[in-house]
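Using the sequences and the hints, build the whole thing.
Residue numbers (my numbering), protein chains in the order written: chain S, 1 to 527; chain R, 1 to 41.
Calculated directly from the structure, the hints in this document are not laboratory data. One thing to keep in mind: the hints can contain errors.
[What the hints assert, rightly or not] Listed next, with one range per pair, are the computed distances between beta-carbon atoms:
no. : chain 1 : residue 1 : chain 2 : residue 2 : range
1   : S       : F342      : R       : M24       : 20 to 30 Å
2   : S       : T488      : R       : P7        : 21 to 31 Å
3   : R       : A28       : S       : E151      : 35 to 45 Å
4   : S       : F504      : R       : W31       : 33 to 43 Å
5   : R       : W31       : S       : G324      : 43 to 53 Å
6   : S       : W438      : R       : L18       : 25 to 35 Å
7   : S       : E519      : R       : L18       : 43 to 53 Å
Glycine included, each C-beta is placed from N, C-alpha and C at the ideal position.
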Amino acid sequence: MASSIVLGIAVLIYLMITFYLGWMGYKQTKSTDDFMVAGRKVNPFVLALSYGAAFISTSAIIGFGGYAGAFGMGILWLVFMNIFVGIFIAFVVFGSRTRRMGVNLKAVTFPELIGKRFQSRFIQGFSGLLIAVFMPLYASSVLIGGARFMETALGIDYNTAVLLLTIITAAYVITGGLIAVMYTDAMQGTLMFVGMTILMVYTYVNLGGVTSAHLALTNLASMVPEAMAQQGHTGWTSMPAFGSPIWWTLVSTIILGVGIGVLAQPQLAVRFMTVKNTTSLKRAVLSGGPFIFMMVGVAYVVGALSNVYFINTRGMLSMDVAGGNIDKIMPEYINSAMPDIFVVFFMLTLLAAAMSTLSSLFHNMGTAIGHDLYRESIMRGKIGHTISITKLGIAITIVISVILAYTLPIGIIARATAIFFGLTAAAFLPMYAGAIFWKRMTKEGAIASLLVGTFSSLFWLTFVHAKEATALGISQAIFGQATLLTGTWTLVDPILVATPLSVFVAITVSLLTKPASEEHIKKCFGN
Amino acid sequence: MLGIDDPQIWVVYILCVLSAIGCMIYGALNWNKGAEDEEVE
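Quick look at the structure:
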């Protein structure tokens, strides 16, 4: 009882700070640039925390933490990818060029940057459409994760939780734009950082220190259930057997799919255009690297170590304690191993993680519908009021996300993050990288890459990659079989097939077509 | 190493720590570099 009062008060204080920052965003938003790219003068510390907090959702902590509990520490390769590719490469290599080109072309969204670079309204409109159609899938899975947590932690009815979470987040995104989103993200990120630090220290101390905790986990290898061992599970401190089903999922979908996919996430890339100069991006690396380490690194290590705790206290593996549901491993561990007061704090951490990701997605979907698709592509830039149309766009996509959260089958929702990441990697990454690094890349090359990436990725996940194909059931309905190909192919993630194809098309078509005028290239890249 | 037998795991464990520290060092070293020619306004 005492802890539920503490939790109630903590949530209240948290919401008050959220609203205060949202109100500050509202007060500071005066122009289109303010609403869309936070006035291009965000502090590097705020950029780093906001980028990290938007990137890390509840599912990264609970879902992938649980995955580590079931399959072990191999997923730490994703942490390394997240820090090296997701922070260092993203900020230093992609970020500085994106920021400069964004300023040169006066672009305020990711699709607009690419569209203006290739002088193509089609690219801007089609990219906006892709975001508008597929990002709500991702947003609804984040929404469900956050609402499920509120249901268990605060004892609120699930449907009420979905509405509450949506209304609170929508309120500050619509009124305060990206300034409100980034400042609330930074506050939520700080909360997440403190929560995860306590979790890490407490877990290691509880299990007798770093080395002895790992050693105890290594010694559990003999307890891997027979069925999992046949799938390639070799223990919690070793990689799955090379080429086994678990290995393919871990390496292709999780490590490469999520690890590389992050570079082409429109809601993250737009953040590079919010800072004043390249120095801000470099400064942001200082806090961004350790932040990601403390989020995902800690979640995965603790997830794996939960096995040692449960064997010591109950004689059971985490997977068995959670009743076979991976998503319950982290909550079970935190509830049983951590002191009550920390459980309260961690609940808040998770709420913050859900809201920070959700707010960025809402903002980005709104700009895609309102600015890229409607204003620029359909109305050919004729309407003056970008902000009001974008706000309407935000409201529409929020409604769509909520409807999806209620109607989509749980099997598809669980795959939504992977679908979205895979699609953006294939459709956007080659075109985006070409736009900022390769002056010879042409409009035709970009369009070809965008279309081939989109449709090959969609084809692969509808008809070949077993996890999505089975959940969608389209292949089954048309051809009477769950997947068109069999064997190892059904384990290979769309990103490994569609992205190389998209790169190949981008290069070939660009070399075969006429380059853009020198004058335009100069305008894009500056001198 | 660190109670972990498989080099594929302890190597990445150390890599994670080193890359996080590396980011901090990089950010600190570049704290005041490159500002002159990059201003927006």
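Right, here's what the structure says about each hint:
{"no.": "1", "hint": "S/F342 to R/M24: 20 to 30 Å", "result": "holds, 26 Å"}
{"no.": "2", "hint": "S/T488 to R/P7: 21 to 31 Å", "result": "holds, 25 Å"}
{"no.": "3", "hint": "R/A28 to S/E151: 35 to 45 Å", "result": "holds, 43 Å"}
{"no.": "4", "hint": "S/F504 to R/W31: 33 to 43 Å", "result": "holds, 41 Å"}
{"no.": "5", "hint": "R/W31 to S/G324: 43 to 53 Å", "result": "holds, 49 Å"}
{"no.": "6", "hint": "S/W438 to R/L18: 25 to 35 Å", "result": "holds, 31 Å"}
{"no.": "7", "hint": "S/E519 to R/L18: 43 to 53 Å", "result": "holds, 45 Å"}
In summary, the structure agrees with every hint in the numbered list given earlier.
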